[in-house]
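Here the sequence shown is numbered in my numbering, starting from 9 and rising by one per residue.
Where hints are given, some of them may not hold.
Listed next, the in silico BS3-like pairs over lysine-lysine satisfying Cα-Cα at most 25 Å (straight line) [said to hold, decoys possible]:
hint	residue 1	residue 2
1	K339	K199
2	K420	K171
3	K207	K420
Quick list of simulated restraints, FRET-style, between CB atoms [claimed, not checked]:
hint	residue 1	residue 2	range
4	P71	G197	49 to 55 Å
5	R402	D262	23 to 29 Å
6	L221	T426	49 to 55 Å
7	C365	F108	35 to 41 Å
8	R143	S83	51 to 57 Å
9	Q360	R58	52 to 58 Å
These aren't lab readings, by the way, just hints derived from the structure by calculation.
We put the CB at the ideal spot given by N, CA and C, even for glycine.
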Amino acid sequence: MSTTETTTLPVTTQTEQPTELQKGSIGTSIPRKEDSRLVQGQGVFFDDIRRHGTGYVHFVRSPYAHAKIVSIDVSAALALDGVYGTLTGDEVAIHTDPFFEMSTPPGANIEDYALAVGTTRFMGEPVAAVAAATRELARDAAELVEVEYEPLDVLVDAREAVKNETIMHEEAGSNVVWSGVFDWGDWEGAKAEADHIVKIDELHFHRFSSTPLECAGALVEYERGTGQWTLYCNHQMPGIGAIWMAPALRTPLDKLRFVTHDIGGAFGNKICLHPYYVALCLLARKLGRPIQWTEWRTDQHTANAHGNERWFHDVEVAVKADGTMLGFNVKALDDCGAFPRYEPLGCIIWAQVTPGCYAWRNIRVDFTQVTTNKSPVSPNRGYSRMQHLWLTERIIDIVASELELDPVAVRKLNYVKTEQMPYETPNGCV
C-alpha cells in the first residue's frame with residue numbers, strides 16, 4: 009500500500025519590488041556561481057587529466073630572432089631511454105599546410121607553420137619538439153637536439169621594418185602587411201577653424217603580455233580508426249582554433265574535438281595556440297600515444313602572444329583658444345611581430361572606442377601594420393583599444409601643457425555633456 013503526501017505551500021503576494029530591482033542593474037553585483045567549487049579545490053583543469061603512456065612534450069626554441077636553419081640533429085635526444093620521438097619543421101612542412109592568415113595580401117601570402125621551416129623569425133620560435141616519458145626528461149632531451157643556425161639581419165623596430173630594406177617574408181614581398189586610412193568628420197575644416205595646431209612628433213605604446221595563473225597547454229589523443237583528434241585543453245576560443253587547425257592538418261573540421269573545463273585565466277593569449285596544438289596533433293598521430301604539453305612560465309613571457317606595440321607619428325591636434333579640441337590627425341604604426349595570425353583585427357577594432365569620452369568630431373588616422381622579428385601578437389586584454397585611449401589622454405596632457413592650461417579643466421571642457429545625449433561618436437560605433 010502506498011501513500012501520497014501532498015504539501016500545500018502558502019501563496020504570497022509581493023507588493024513591492026525587491027531592493028535589488030529597485031536599485032536597477034547599475035551598481036548591482038552579480039553573484040558568482042563557480043567560486044565555491046574552485047576554492048574547495050574541485051576545479052578541473054587540463055593538466056589534471058592523465059592518460060596511460062602519455063608522452064610529455066618540450067619544444068626546442070630558437071635563441072635567435074632571425075636565422076636560417078642549416079641543420080637539425082635529433083639523434084642524441086632519441087638515444088635517451090624514455091624518449092618516444094621527435095618532430096621537426098621538415099616533417100611539419102610535409103604533413104601540413106601553412107596556416108591561413110586573417111590579413112589580406114601581402115600579409116595573407118605569409119607561410120606560417122607549427123614549427124619553423126627553414127628560417128626562424130623570432131626568439132623562442134619552436135624549431136623542434138621532443139616527446140618523452142616525463143616532462144623533465146623531455147626538457148633534458150631537448151637540450152641534446154643540435155641545431156645549426158646562420159644568423160640573419162634582425163628587425164626589432166617597426167620604424168625600420170616599414171622601410172622594407174630587409175624583407176622578413178620573401179613570399180609577402182613586403183614587411184607592410186596591412187594599411188588603411190580612417191577619416192571621420194572634416195579634419196581639414198577643423199584645422200582651418202582652430203586657433204592652435206599642437207604638433208607631437210612621436211608617441212610610443214610598448215609591447216606587453218598578459219600573465220594568466222595557468223600557462224597554456226593541451227593533452228591530445230588521436231584515434232586511428234576514425235582519424236579524430238581529441239584535445240583536452242585551455243584554448244579560450246576552441247572554435248577559432250579548430251578553424252585554423254583543420255586546413256593545416258588537411259582534415260575536416262569535425263575531426264577535431266575540443267574539451268575545455270576550467271581555465272586558469274587567459275586574457276587573450278590563449279587564442280593563438282594553434283601552432284602548438286598542430287605540433288601536438290602530429291606527434292600524437294606519429295607516435296600512437298597521448299601527447300601532453302604544459303607551457304613553462306619563461307616561454308609564456310618570451311614566446312607566447314604579446315599585446316600590440318604601436319607608434320604614433322606626426323600627431324596634429326586642432327584646438328580653440330579656450331582648450332576646446334576640434335579633432336586630431338595621426339599616423340599609427342603597429343608592430344604585429346613575426347606573423348599576422350589574428351591581425352589585422354587590431355588595426356580596426358580600436359575604432360570602437362574612438363574618441364573615448366571626448367566630443368571630438370574630426371579624426372583622421374593613417375594606419376600601417378608591419379612584421380618584425382618579435383613574438384606574434386594576439387588579442388590581449390584591452391585589445392588594441394587601450395593604445396588609442398592612451399593616445400587621447402596623452403594628447404589632452406600635451407595640449408594642456410603647450411597652452412598652459414589645467415589638464416583637468418581641459419578634460420572637463422571636452423567631455424561629452426549630458427545635454428548632448430543621446431550622443432553618437434563620429435564613426436557611428438557608439
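Task: C-beta pair L221, T426: status relative to the range 49 to 55 Å that was hinted - done: Because 41 Å falls outside the window, the suggested range is violated.
Task: Hinted pair K207 and K420, Cα distance within 25 Å - done: holds (22 Å)
- [ ] Confirm or reject the claim that P71 and G197 have a C-beta distance inside 49 to 55 Å.
- [x] Given about 54 Å between the Cβ atoms, the range holds.
- [ ] Confirm or reject the claim that R143 and S83 have a C-beta distance inside 51 to 57 Å.
- [x] Violated, at about 22 Å.
TODO: Could you tell me whether the CB distance from Q360 to R58 stays inside 52 to 58 Å?
DONE: violated (43 Å)
TODO: Mind checking the hinted window 23 to 29 Å against the Cβ distance between R402 and D262?
DONE: violated (49 Å)
- [ ] Given the hint that K420 pairs with K171, test it: the Cα-Cα distance must not exceed 25 Å.
- [x] violated (41 Å)
Task: Whether the CB-CB distance between C365 and F108 falls inside 35 to 41 Å - done: About 38 Å separates the Cβ atoms of C365 and F108, which means 35 to 41 Å holds.
Task: Pairwise hint evaluation, K199 against K339, where the allowed Cα distance is 25 Å at most - done: OK: K339 and K199 at ~16 Å, within 25 Å.
This entry does not satisfy hints 2, 5, 6, 8, 9, going by the numbered hints stated previously.
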